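Asker: Sequence:
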Amino acid sequence: MKTLYSFIILTLVPFDLFAVDFSGDDLSICWGIPFVGILLSIALLPLFLPRLWHHHYGKITMCWTMLFLLFALCFFGLQTTIHLTVHAIIAEYIPFILLLLALFTVSGGILIKSDVLSTPKLNVGLLAIGTLLASIMGTTGAAMLMIRPIIRANRDRNYAVHTIVFFIFLVANIGGGLTPLGDPPLFIGFLKGVNFGWTVKHMLLPVLLSSILLLAIYYKIDCHYFRIQYDNSLALTSTPKASTIKVYGVKNFLLLLVIITCVLMSGIWRSSVDIEILGSHITLPNLIRDIMFIIITLISILITPKQVRAGNEFNWEPIIEVAKLFMGIFITIVPVLAILRAGNDGALAPLLSLVTTDQGDPINSMYFWLSGLLSGFLDNAPTYLVFFNLASGDTNTLMTALEKTLLAISMGSVFMGALSYIGNAPNFMVKSIATQNKINMPSFFGYMKWSICILIPVFIIDDLVFFVFF
Numbered sequence: 012m013k014t015l016y017s018f019i020i021l022t023l024v025p026f027d028l029f030a031v032d033f034s035g036d037d038l039s040i041c042w043g044i045p046f047v048g049i050l051l052s053i054a055l056l057p058l059f060l061p062r063l064w065h066h067h068y069g070k071i072t073m074c075w076t077m078l079f080l081l082f083a084l085c086f087f088g089l090q091t092t093i094h095l096t097v098h099a100i101i102a103e104y105i106p107f108i109l110l111l112l113a114l115f116t117v118s119g120g121i122l123i124k125s126d127v128l129s130t131p132k133l134n135v136g137l138l139a140i141g142t143l144l145a146s147i148m149g150t151t152g153a154a155m156l157m158i159r160p161i162i163r164a165n166r167d168r169n170y171a172v173h174t175i176v177f178f179i180f181l182v183a184n185i186g187g188g189l190t191p192l193g194d195p196p197l198f199i200g201f202l203k204g205v206n207f208g209w210t211v212k213h214m215l216l217p218v219l220l221s222s223i224l225l226l227a228i229y230y231k232i233d234c235h236y237f238r239i240q241y242d243n244s245l246a247l248t249s250t251p252k253a254s255t256i257k258v259y260g261v262k263n264f265l266l267l268l269v270i271i272t273c274v275l276m277s278g279i280w281r282s283s284v285d286i287e288i289l290g291s292h293i294t295l296p297n298l299i300r301d302i303m304f305i306i307i308t309l310i311s312i313l314i315t316p317k318q319v320r321a322g323n324e325f326n327w328e329p330i331i332e333v334a335k336l337f338m339g340i341f342i343t344i345v346p347v348l349a350i351l352r353a354g355n356d357g358a359l360a361p362l363l364s365l366v367t368t369d370q371g372d373p374i375n376s377m378y379f380w381l382s383g384l385l386s387g388f389l390d391n392a393p394t395y396l397v398f399f400n401l402a403s404g405d406t407n408t409l410m411t412a413l414e415k416t417l418l419a420i421s422m423g424s425v426f427m428g429a430l431s432y433i434g435n436a437p438n439f440m441v442k443s444i445a446t447q448n449k450i451n452m453p454s455f456f457g458y459m460k461w462s463i464c465i466l467i468p469v470f471i472i473d474d475l476v477f478f479v480f481f
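In my numbering, the protein residues as written are 12 to 481.
A couple of the hints might just be wrong.
As the list claims (entries may be wrong) - In the EDC-like style, the derived pairs of lysine to aspartate or glutamate whose C-alpha atoms are separated by at most 16 Å in a straight line are:
| no. | residue 1 | residue 2 |
| --- | --- | --- |
| 1 | Lys203 | Asp405 |
| 2 | Lys449 | Glu328 |
| 3 | Lys257 | Asp126 |
| 4 | Lys449 | Asp167 |
| 5 | Lys203 | Glu414 |
| 6 | Lys212 | Glu414 |
| 7 | Lys415 | Asp474 |
| 8 | Lys415 | Asp405 |
| 9 | Lys335 | Glu103 |
| 10 | Lys415 | Asp372 |
| 11 | Lys124 | Asp167 |
| 12 | Lys70 | Glu332 |
| 13 | Lys124 | Glu324 |
| 14 | Lys449 | Glu324 |
Said to hold, decoys possible - Computed Cβ-Cβ distance ranges for the label pairs, DEER-style:
| no. | residue 1 | residue 2 | range |
| --- | --- | --- | --- |
| 15 | Gly208 | Arg281 | 14 to 24 Å |
| 16 | Leu365 | Ser283 | 37 to 47 Å |
| 17 | Gln240 | Gln318 | 22 to 32 Å |
| 18 | Leu133 | Leu295 | 41 to 51 Å |
| 19 | Cys41 | Lys262 | 47 to 57 Å |
| 20 | Cys85 | Leu202 | 31 to 41 Å |
| 21 | Lys262 | His292 | 32 to 42 Å |
| 22 | Leu365 | Val284 | 39 to 49 Å |
| 23 | Ile472 | Pro316 | 41 to 51 Å |
| 24 | Gln240 | Ile288 | 51 to 61 Å |
Hints in this document: simulated from the structure, not taken from any laboratory. In this text the structure is predicted, and so the values were computed from the model without any measurement. Note that CB positions come from ideal geometry on N, CA and C, so glycine has one too.
Produce the complete structure using the sequences and hints provided.
Answerer: Printed below as a string of structure tokens:
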């Protein structure tokens with residue numbers, strides 16, 4: 012016991028107060044263990060130790076996070092560890108969670124009431140609307156706006172899990188591929204100089220093909236479950252007319268527009284003014300954006316009648332769960348992204364070397380699959396940036412001579428965020444909201460059974476159509 016106490020004391024002593032360069036070139040793949048530990052905890056503990064996970068998921072996430080910080084302190088010193096942590100929280104986590112909080116609060120203040128019975132055709136229509144909205148207002152905004160109406164429409168259905176899973180596929184991910192507003196990777200490309208029109212032109216067919224395939228598959232599955240429940244194939248085409256469709260909390264739609272404007276403003280507005288906090292810089296546009304998210308959240312709470320939120324069965328548990336889990340994810344993912352940024356000098360060099368031929372020419376199929384598979388489990392925005400720079404880094408070259416390569420990176424980063432619950436910001440939020448509404452959502456690996464069986468064949472078709480045959 013004394014040895015244990017001595018070890019803890021020694022590891023906490025700032026024996027190296029000077030910053031040591033945290034370079035991905037020098038990091039072993041073992042630095043990814045805490046990140047993988049969080050993923051495995053999310054995947055396995057709800058299955059095998061559900062009570063422990065439900066009551067202590069925040070503490071478990073904190074333990075994995077502290078493990079990384081402890082080793083970072085030992086190997087890189089106090090200053091570097093503080094800088095890494097502060098940067099991850101201020102530059103990455105806080106903007107992420109404040110955007111989610113604002114969208115979650117505002118969308119929770121919009122109540123759509125209808126007596127309509129959900130049929131496969133109606134559900135396909137709702138998913139198609141959500142998919143289109145995702146490219147206009149972003150995947151997170153569209154997901155938060157549409158999830159409750161689609162849950163309410165399916166309130167009398169015995170089988171609703173497949174609807175939420177396809178909602179994640181389409182609305183929370185693939186639908187955001189049409190414009191830079193849709194998903195963070197494309198927005199980063201826009202900030203790097205990729206033309207708005209280039210994205211729309213080149214991503215239109217991939218988004219259209221993938222969406223049509225998934226909607227067709229969903230329709231067949233939903234018809235199957237509909238017949239099981241109602242035992243009447245005629246009901247597939249006869250939807251009872253709703254007496255009325257009532258929308259409450261209309262003022263929150265205006266707040267949604269303000270949120271979208273704030274996101275656009277922070278990306279376009281350039282300012283030399285910034286604030287430094289422990290070595291991490293916050294630009295003035297980003298600071299104003301984050302403050303606006305807080306103000307919008309408070310305004311939505313104040314102007315929305317309690318009956319509206321009660322009608323949505325609104326509570327804060329989903330956003331609290333996401334906030335706790337993703338704080339750990341954003342901190343422990345730091346060394347993994349550093350290794351990726353190191354490119355051919357990092358521990359993942361053999362993996363990254365798969366995207367080019369011996370002559371140095373890009374293999375577009377591999378760019379699609381590798382950027383996509385990594386985006387399924389890592390933050391898709393920095394993953395996009397890594398492969399963007401790996402391919403060339405020059406925007407004009409990527410939009411012309413290497414346009415297929417840029418298309419592959421864009422498709423992979425956006426589409427394959429649907430492979431897991433943590434692949435894209437809204438995925439876990441949708442899962443949490445569905446669970447709160449008593450839909451028995453699959454576990455981490457259970458969801459991946461759906462994504463592998465349904466999405467991988469669709470992505471193979473995408474690969475063949477856009478990178479092999481044409």
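Asker: Lys415 and Asp405: Cα distance at most 16 Å?
Answerer: It holds: about 14 Å lies between the C-alpha atoms, which stays within 16 Å.
Asker: For the pair supplied as a hint, Lys415 and Asp474, is the alpha-carbon distance within the 16 Å limit?
Answerer: Measuring from Cα to Cα gives roughly 11 Å; hence the hint holds.
Asker: Would the pair Lys124 and Glu324 pass a check requiring their Cα atoms to be no farther apart than 16 Å?
Answerer: 13 Å, holds
Asker: Lys262 and His292, beta-carbon distance inside 32 to 42 Å?
Answerer: 35 Å, holds
Asker: Between Lys335 and Glu103, is the straight-line Cα distance small enough, at 16 Å or below?
Answerer: This hinted pair holds, its Cα atoms lying about 14 Å apart.
Asker: Holds or violated: are the alpha carbons of Lys449 and Asp167 at most 16 Å from each other?
Answerer: Satisfied, since the Cα-Cα distance of roughly 12 Å is no more than 16 Å.
Asker: Falls inside 39 to 49 Å, the C-beta gap from Leu365 to Val284?
Answerer: 42 Å, holds
Asker: CB of Gly208 to CB of Arg281, is that within 14 to 24 Å?
Answerer: 21 Å, holds
Asker: Between Lys257 and Asp126, does the CA-CA distance stay at or below 16 Å?
Answerer: Given pair Lys257, Asp126 holds - Cα atoms ~10 Å apart, limit 16 Å.
Asker: Evaluate the given range 22 to 32 Å for the C-beta pair formed by Gln240 and Gln318.
Answerer: 31 Å, holds
Asker: Can the restraint linking Lys415 and Asp372 be considered satisfied, given a maximum Cα separation of 16 Å?
Answerer: Holds, at about 12 Å.
Asker: Would you check the hint for Lys212 and Glu414, treating anything up to 16 Å between C-alpha atoms as holding?
Answerer: The given pair, whose Cα atoms are some 11 Å apart, holds under the 16 Å limit.
In summary, this structure violates none of the numbered hints.
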